[in-house]
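Residue numbers (my numbering), protein chains in the order written: chain X, 1 to 472; chain C, 1 to 245.
One or more hints might be untrue.
Covered by chain C, according to a simulated footprint, are these stretches of chain X (three or more residues, beta-carbon under 8 Å) [claimed, not checked]: (1) 420 to 427; (2) 442 to 454.
Take a look, some chain X residues computed to stay more than 12 Å from chain C by CB distance [to be verified]: (3) 54; (4) 139; (5) 143; (6) 165; (7) 201; (8) 226; (9) 257; (10) 258; (11) 375; (12) 383; (13) 396; (14) 407; (15) 413; (16) 416; (17) 417; (18) 430.
Derived from the structure by calculation, the hints contain no laboratory data. Using N, Cα and C, we set each Cβ at its ideal position, and we do this for glycine too.
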Amino acid sequence: MTTKLEDILKAGSLEEILGTALPYPKEIELKGKITKDVVKELSKIKNEPEWMLRHRLKSLELFEKLPMPRWIVGIEELDLENLVLYSKPEVGEVRGWDDLPESIRRIYERLSIPEIEKKFLSGLTAVFDSESVYSNLKREFEEKGIIMLPMEEAVRKYPDLVKKYFGKIFPAGEHKFSALHHALWSGGVFVYVPKNVKITFPIEAFFVIGSAMEGQFEHTLLVADENSYIHFIEGCSAPMYKGFSFHDGMVEIYAHKNAIVKFTTIQNWSRNVINFNNKRAIVEENAYVEWIEGSIGSKITYTYPSSVLKGEGARTTQYVVSLSNGPYLKDTGAKTFHLAPNTSSKIVSKSISANGGINIYRGLVRVIKGAKNSTSTVSCDSLILDEKSKAYTYPHNQSDEPSANLIHEATTGKLSQDKLFYLSSRGIREEEAKSLIVLGFISEILEGLPFEYVEVLKRVIELEFSEVGGVG
Amino acid sequence: MYMLIIENLKVKVEDKDILKRVNLKVGDGELHVIMGPNGSGKSTLALTIAGHPKYNIVEGRMIFEGEDITSLKPEERAKRGIFISFQHPVEIEGVKILLFLQRVLKNLKGIDEVKAYELIFGAIKELGIDESMLQRQLNVGFSGGERKKLEMLQAYLVKPKLLILDEPDSGVDVDSLKVIAGIINRLHKKGTSILLITHYGRILEYLKPQVVHVIKEGKLVASGGIELVNLIEERGFSALEEVVS
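Pulled out of the complex, with its shape left as it was, chain C reads as follows (with noise of 0.2 Å):
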């Protein structure tokens, strides 16, 4: 069974065309890796999945556990069971993470106030992160790797069906690298599905996909095993050509 089926999709963004029948099949409990060069569509990928509005489906659909999503609201979508980690979490002034981390749990869990905030504090001591970060304001003055790890820690309180990580490694330093993939590698373990998105690699030194995507100008244009990605490191992108022709 597939967690994940997107077919044919095609996306615009105002009047350019991003994406150009894109087709993925995520199974479940997999580890999927999308890498390509800037430009090529991949955040457009994982925001079009969570159901950002800029993004404008033209053809196609997304089919997540049997059902159509391709018209869902992103609430809708997140309470179903999908979960994106952001490539560039926004600030929200005046909103307090602890009250903001119930918050959530309440709207995708059900879960209580007493219930979460013992979920919460359970999770921060279990991943290593500063109590201190959950007296803060939402993702405001926070450096690279905290809003990262705010993600996570986010991820890994909700436990998602399928997790989007949109270049989770991004503006992190090697220490954060760590903490991030290990919450990765926890998800994966407890059955979460993953679909992550890369520019560099450099976090697949700690996990171990099963398969491994390559995205250009729109297309996925290969898709193997690990062996994908150190060709990229080798040869860089441009490599793929020869591998595809």
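Just chain X, same shape as in the assembly (with noise of 0.2 Å):
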């Protein structure tokens, strides 16, 4: 039976749509101190080659060694050696939703996934725990080139295009979260979009952290070759639980000469997730990465979008959106790296902080010298709907290059009593008035969103200030 979108929508949250946790069997599970042994178990598992077991345990060696990021808060609170590591559910993957078993289909389809996936996708991966149990891509798609497997399948099929780019955009010892992930990356997709193939819908994949005290770490990696186009939309959800769950998930995007890259984040996850992203772009000349990052749900959330401009002319617009609603913390941001002439970047962030939430932006723009005539615009908006919540911005520009134009705005805006009895003299109650202001205040950045996503995130905010989402 499937749901309808619409029903879902009203449910309240995405959260309480899976509702509690369902059984289902597991077929492997790791857990424990995170040694050799684990990883070379996991490793045996997936039937690697041997050169990504070493690049699993050279980032081990990394992660050891590494220090805790001084700026991390939450994160003591996860004890990274109780955490299942991987988790296999019971099932190979399949591409049709029919073939997966019940108890993991029915959590797909509270979310009406494959109703959506029907209806405008060109293509979709599903992740549940640390393995891809679905992937499917329309036919027309496969026959012009396009690859999209799962990550552990490309390993296995394309080592020598995997190789070339896995790891080397978003390197293991960059910090100590990023090693860890080197290390257990386990789901996730591949996808390779040939020379001058433009993708009309997008392909979207969709993470799900089944089980409590797990961690997730999928690996994304996304190369789209000279002149081509392709927009890919990623969701992620779970289910409450008692325990934490952390997430800690790369995306890694390769955007050589001419192509465009959309990447879209849609991340709803329960509230006791903490979430932990490393994403990064390498753009190429004239080439265009545009990041959508959208965090609505978990307890705590570090993401900052990165581009590399790295050709002459490569171009960037990162949209950051963050919603704390409650006790919860978001620290968003996006960095920028320009390293050729002409390159141009557009950094809007937009925060919302209410019931006591917390927003931090921290942003990097950096110009290196010979980045002759680069532009760059960075614009943070803070939106506080109350006494209780609240905003940070950290803001950080760095040029060495002096025909380099930067230009940063920053505004932070409270929620006036004159808009919402304005509002209400209008017949639209408090919660309505705030959904509505809130979705004003992010418009800008919706008007880039494919119909069908607009019209979900507007639900899911509505949600978020209506009395029986959120926090109430």
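Relying on the hints, combine the two individually framed chains into one complex.
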């Protein structure tokens, strides 16, 4: 029985739809201290080539050596050694929803993922716990030479192609959690778009964490060859658990000359997930990468999509929307590195803090000497809905190129009584007025999204401020 | 039958007494004008009737169509048929006017989106308002005249039982003033009771009020016909002291 999108949205929140955890049989579970043996075991289960095992072991070594980042809060709540590091649901990967066991299929159906795929996606990969359980690319795109495969399968089938990019865009040694990710990565998707191929409809990946005390380390690698186009959307969700779950995912993007890549994330993890994201794109000559990072759920989120503008004329736009409604923290931002002349970047951050929520914007724009005539515009807007909530902004601009032009603007707005009264005098109740104001505040970003996603996002935000949803 | 009865209304803002025992009765379909100098409590009266939480009612009550509305929420008053046109309508970023108007009609009148769409375009045409306004964001970057016209468009669409106009003529050029007065007259003819607050009396050249009240220092000090307007225009608000005494 498929739930309608409508019912799902009415249900209150994504957590509520997913409800409490459904038990499902697990085939293999790796637990305990992160040792070489654990990593070897993981690699063996995955039947990986030798080079990947070496990559994992090297990353583990780095993880042990690297210090805990000083700016991190909340991680102490997480006992890394007691997390389930790898959890493989008892199912092989399938190409049709009907082939999935009912216990897992039901979770996706509650989110109406099969329905959305049918309607408007070019392809879809679903990751459950640590493994991809569903992967499907519409035939017309397969025929054009597009590759979309679960990461593990890509490692085996296209070793040369994967090896060329994997861990080269976001190296393991960057910080402690990127090292941990590279040691333990599992699941995720590999996408390759050949030269001159343009994928008309978005491709989506959907990630679900199925159990408490679990770590998810999915790795997504997206390579857009010259003059290609792709829009990739990832959605994240998890049902409610008593314990914490840890998400330490990674996205690596390589946009070759003249390619256009749009990467959209809509994250609505349940409120006990500690979400750590590592996202980076390398942008070649005249290519364009657009990040949309929408953080709604999770207890704590750290995410800073980064663009490395490597080729002349490379461009990027980074939209960051963060909602902290309740006792949650979003530490988000964007990073851009201008390494070549005539590169341009635009960062738009919009944060909304309500009911004691905290938002932190942390951004970096770095222009190296020689990146002549590069331009960067950063705008950070914070909307604070009540006295209990907070927003902080830590932008950092560093330019060694005199001809570069960097602009930074920041505004902080409070919800005024007069705005609320204006709307209430038009029959709009306070909760409805708040969601209207919030949606208006982020309208610039919503305009860039496919219609269906805007509708879903609108409902999610309306629910956040309704009596039933969010913290209520 | 009275549309609105205000009895002994005392209103404080923070610790300051603004309204001191105001009594007022507006009959069904009547047009009342309230005039008064700056700081006399005109806007306070308008916003108190509409239910602004900043205005604290210390004493007295308000009866709308026989029902005590003194402690009702603003949205409840609006649903019962009270509509306020603001002196300073706020800007709300990112909210498209067309969608906003559809929502207002749904909330206040239970009109579905499609029907609302027809009504909105019909009204725009009828009132001679530029259609491109519908695609703009609510009051964002609007001139004084544009803001007031949008308020009037909303009032015209909602067709309230009681329309409170808080200085619809301030910050408006002559052409806009005529459009605004035209809409007020149309609503009045259709049976809407109107309470119009003004400082200048400029707009009264185009309207025919039944009753004119004068407010000073939080009290209604005089009520009468249109002749009060002429008196004030000729001799200023101070002339009223003589009338009252």
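Hint check, failures only
12, 15, 16, 17, 18
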